[in-house]
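Engineer: Sequence:
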Amino acid sequence: MGERLSDAEEVGGSKPPEPTTRDGASGGRDRPVLPLFLGVMAEAHEERHLLLSGEFDCDPEPLSTLRHSTSHVMAQAVKRLFPEVKLAIGPAIEDGFYYDFGRSQPFTPEDLARIEAVMREIAREGHRFERMELPRAEAIAFFRERGEPFKAEIIEGIADDRVSLYRQGEFVDLCRGPHVASTAEIRAFKLLSSSGAYWRGDEKNPMLQRIYGTSWLAQEDLDRYLWRLEEAKKRDHRKLGRDLDLFDFFDVAPGAPFWLPNGMVLVRELEKFARESLDARGYQEISTPLLVNKRLWVESGHWEHYQDNMFKVEVEDELFSLKPMNCPESALVYRRSLRSYRDLPLRFSEMGRCHRNERSGTLTGLVRVRQFTQDDAHIYVRPDQLQDEITQLLELVQEWYKVFTLTATFKLSTRPEKRLGTEEQWDTAEKALHEALRANGLAYSVNPGDAAFYGPKVDIDVQDVLGRAWQVATIQVDLTMLPERFQLEYIDTDGQPKRPVAIHRAIFGSYERFIGILTEHFAGAFPTWLAPVQARVLPISQKHEEYARQVWERLRGARIRAELDHRNEKLGYRIRDAQVRKVPYMLVVGERERQQGAVSLRHRTEEDLGAIPLERVLADLAREISSRAATLTVGRS
RNA sequence: GCCGGUGUAGCUCAGUGGCAGAGCAGCGGUUUCGUAAACCGCAGGUCGUGGGUUCAAGUCCCACCGCCGGCUCCA
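Sequential numbering from 64 applies to the first sequence in the numbering used here.
Hints were generated in silico from the structure; no laboratory data involved.
Check before you lean on any hint, since a few could be wrong.
[To be verified] Restricting the straight-line Cα-Cα distance to at most 20 Å, the calculated cross-link-like pairs of lysine to any residue (SDA-like) are:
(1) K142 <-> A247
(2) K253 <-> N325
(3) K149 <-> E266
(4) K149 <-> R166
(5) K297 <-> A532
(6) K474 <-> P387
(7) K633 <-> D671
(8) K335 <-> Q450
(9) K149 <-> E188
(10) K302 <-> L285
(11) K494 <-> Q450
(12) K561 <-> G484
(13) K357 <-> M373
(14) K465 <-> R338
(15) K253 <-> E188
(16) K149 <-> T171
(17) K142 <-> R207
(18) K474 <-> Q434
(19) K149 <-> I217
(20) K149 <-> K267
(21) K465 <-> G484
(22) K335 <-> K142
(23) K335 <-> Q347
(24) K465 <-> A343
(25) K149 <-> S258
(26) K494 <-> T543
[Unchecked claim] Computed spacing ranges between beta-carbons, pair by pair:
(27) E552 <-> G220: 33 to 39 Å
(28) K296 <-> G620: 18 to 24 Å
(29) S508 <-> R183: 36 to 42 Å
(30) S690 <-> E266: 47 to 53 Å
Note that the coordinates shown come from a computational prediction; the quantities given were computed from them, not determined experimentally.
Glycine residues also receive a C-beta, built at the ideal position from the N, C-alpha and C atoms.
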């Protein structure tokens, strides 16, 4: 993770700090993996505990252990500064750790600085982490006496007779370990932020104050991580969206993006891509109403289960709602005529604009919105067609993501406790998903019990260049919801009506989120086929404007999105401007080019590539765009 | 929705009770330029919105809205 930023498309990015040579698999020449781990294991009883139970509060892997230990040191520092604070929990998490504290006052940035300073003192003091065990009842009494109600509550929920505590210096915490040997091992860390968090994650419980931090084995690793955070900030689609004039939000429509001309190019190109692909695969596109009478939502069950998220509108004493999903209306389309077994699979695709009343605090740029457009489809199949259809869908998903150089991860979610449908139906559906994943040679993880109540699903995450995962696509088998609730049927070979199986699927997920992810993935430097402006013509001076205009006309004639920048500015200024705007190609023209019928080419990340005949540039550009190439190829060959 | 932070020019930000500021962007002029920022000038503001305190509010107080970081939710 974090090693993938060196792509050629990176524009104006700073160089990462020199990576440390050790990286888990790659040898680890000077990382103190072994000594640290031995330190963790030094105490014989802890080793025994590991061997016997394998139960720890964190992964006994060195980095998690270090982060978990850092959270204890932070808690110790907080207790030194604010003795009245109550301890809750402090786990290691990806890239760091947090600790939750019971305290009426939130922590200020100044508090964090003070806490961090005390943590460094504690590290200098070099306290050993010592494990001890107490009978359960004694431990409860111990924490009650120390005024730690949360800790006591945790132990009350533990079934074991004995619990383990860890001490470093004056600080004692309920903990299963493991820990590093001494606070002296905690060096490369930083507190990052504080926020509210509910006790045990339940909003009915009191709100605690959480402090997040990060901790690493070596200072270089910390520096590298902090650099990664900076880099992620530069790639933030909200910033790039504004800088590149892709989209904007206005406070009159929270959670609903306005697409600006540049961003709308992205939407249109993606739509075009999707339609070309789906048309070739037997999909039939439909479009259904946004505003629908409550009666439909009652029939679909959304009124019962999803009402709180729906925008309601009263029209002439009748209640309507903006659709939060497209499936019920797709079912109406299916149901409007008698279907034969020969008609299946029936694939209805829809660019479905949905509205969901997400709670205000959850809205985030394009990735969490109230109005979005799904690249939705509902596929109706006979049970015997299910597996083959899923197999094809997985192929399609991979084909699409490859175009965007995104790497997908597949997660299979299986039957939950509360579910509809027979065991036999679930067996068949889950087997179909397993087999389809295998048929595609895909590695996947399984989330038992995580499926929707109506059928198992495969969710697909993509990783962006910074290694962050985003859920985009989903393939959900629907055994009961649409088929049963809407009484869907097809006439089978025996002349009898049968229930089809429905598949709900989206590959981009939503255009909004997908464009947000692409923006971050490419850092705004989109492949040429997606780039809002594909080429800029730059005359050396205004004397060369006429030839520049001819070049520009040729580009536009070839339906290339081109601009002519003949502003009264020096060439260097205009080149810089095109670079900043991440325009893939700059075509510089002066007297020499005019005489040769050529242009001097420059890629957005590179130096002058020299004069190239205009005809060749046009041909190369056309090829690159029509093939939806991921990299810049014009003039290279 | 909850906890906290935040909101000043198109953008990035300064201004801590006493005349609303800078850089970039924009516009005008000079310059006519060979590969990442020429020079001079001009214009640009209900300081998120609404109340309040004060002789005086961008600044202090209250409420609301948006945004940011989390929590929760994510049929």
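Engineer: Now tell me if each hint is right for this structure.
Structural biologist: The hints, checked one at a time:
Proximity of K142 to A247 is assessed by CA-CA distance (about 19 Å); at most 20 Å being required, the pair is judged to hold. A distance of roughly 39 Å separates the Cα atoms of K253 and N325; the hinted pair therefore is violated under the 20 Å criterion. Taking the CA atoms of K149 and E266, the gap is about 19 Å. The hint holds against a cut of 20 Å. Annotation: proposed proximity of K149 to R166 holds, straight-line Cα distance about 7 Å (limit 20 Å).
Restraint check for K297 and A532: satisfied, since their Cα atoms lie roughly 18 Å apart, inside the 20 Å limit. Between K474 and P387 the CA atoms are separated by roughly 24 Å; this puts the pair beyond 20 Å, and the hint is violated. At roughly 16 Å between alpha-carbon atoms, K633 and D671 fall within 20 Å of each other, so this suggested pair holds. Between the alpha carbons of K335 and Q450 the distance comes to roughly 28 Å, so the proposed pair goes past 20 Å and is violated.
With a C-alpha separation of about 24 Å, the suggested pairing of K149 with E188 is violated against the 20 Å cut-off. Taking the CA atoms of K302 and L285, the gap is near 25 Å; set against the 20 Å cutoff, the hint is violated. As the CA atoms of K494 and Q450 are separated by approximately 8 Å, the hinted pair is consistent with the 20 Å bound. Taken as a hint, the K561 and G484 pair is honoured in the structure, with Cα atoms around 15 Å apart against an allowance of 20 Å.
Restraint check for K357 and M373: satisfied, since their Cα atoms lie roughly 10 Å apart, inside the 20 Å limit. A C-alpha spacing of about 17 Å is found between K465 and R338, which places the hinted pair at or below 20 Å, so the restraint holds. For the hint linking K253 to E188, the alpha-carbon distance of about 18 Å falls within 20 Å, and the restraint holds. With a C-alpha separation of about 17 Å, the suggested pairing of K149 with T171 holds against the 20 Å cut-off.
Only pairs whose Cα atoms come within 20 Å are accepted, and K142 paired with R207 is accepted, the gap being roughly 16 Å. A C-alpha spacing of about 26 Å is found between K474 and Q434, which places the hinted pair above 20 Å, so the restraint is violated. Between K149 and I217 the CA atoms are separated by roughly 13 Å; this keeps the pair inside 20 Å, and the hint holds. About 19 Å separates the Cα atoms of K149 and K267, which keeps this hinted pair within 20 Å; it holds.
For a cut-off of 20 Å, the pair hint linking K465 to G484 is broken: about 36 Å separates their Cα positions. Proximity of K335 to K142 is assessed by CA-CA distance (about 59 Å); at most 20 Å being required, the pair is judged violated. Simply put, K335 and Q347 have alpha-carbon atoms about 15 Å apart, close enough for the 20 Å limit, and the pair holds. A distance of roughly 18 Å separates the Cα atoms of K465 and A343; the hinted pair therefore holds under the 20 Å criterion.
In summary, the hint linking K149 to S258 is supported, as the alpha carbons are separated by about 16 Å, within the 20 Å threshold. A distance of roughly 17 Å separates the Cα atoms of K494 and T543; the hinted pair therefore holds under the 20 Å criterion. For E552 and G220, the Cβ-Cβ distance of about 50 Å falls outside the hinted range of 33 to 39 Å, so the restraint is violated. For K296 paired with G620, a C-beta distance near 41 Å fails the hint of 18 to 24 Å.
Taking 36 to 42 Å as the suggested C-beta distance range, the pair S508 and R183 conforms, at roughly 39 Å. One distance hint, 47 to 53 Å for the beta-carbon pair S690 and E266, holds here, with the actual separation near 50 Å.
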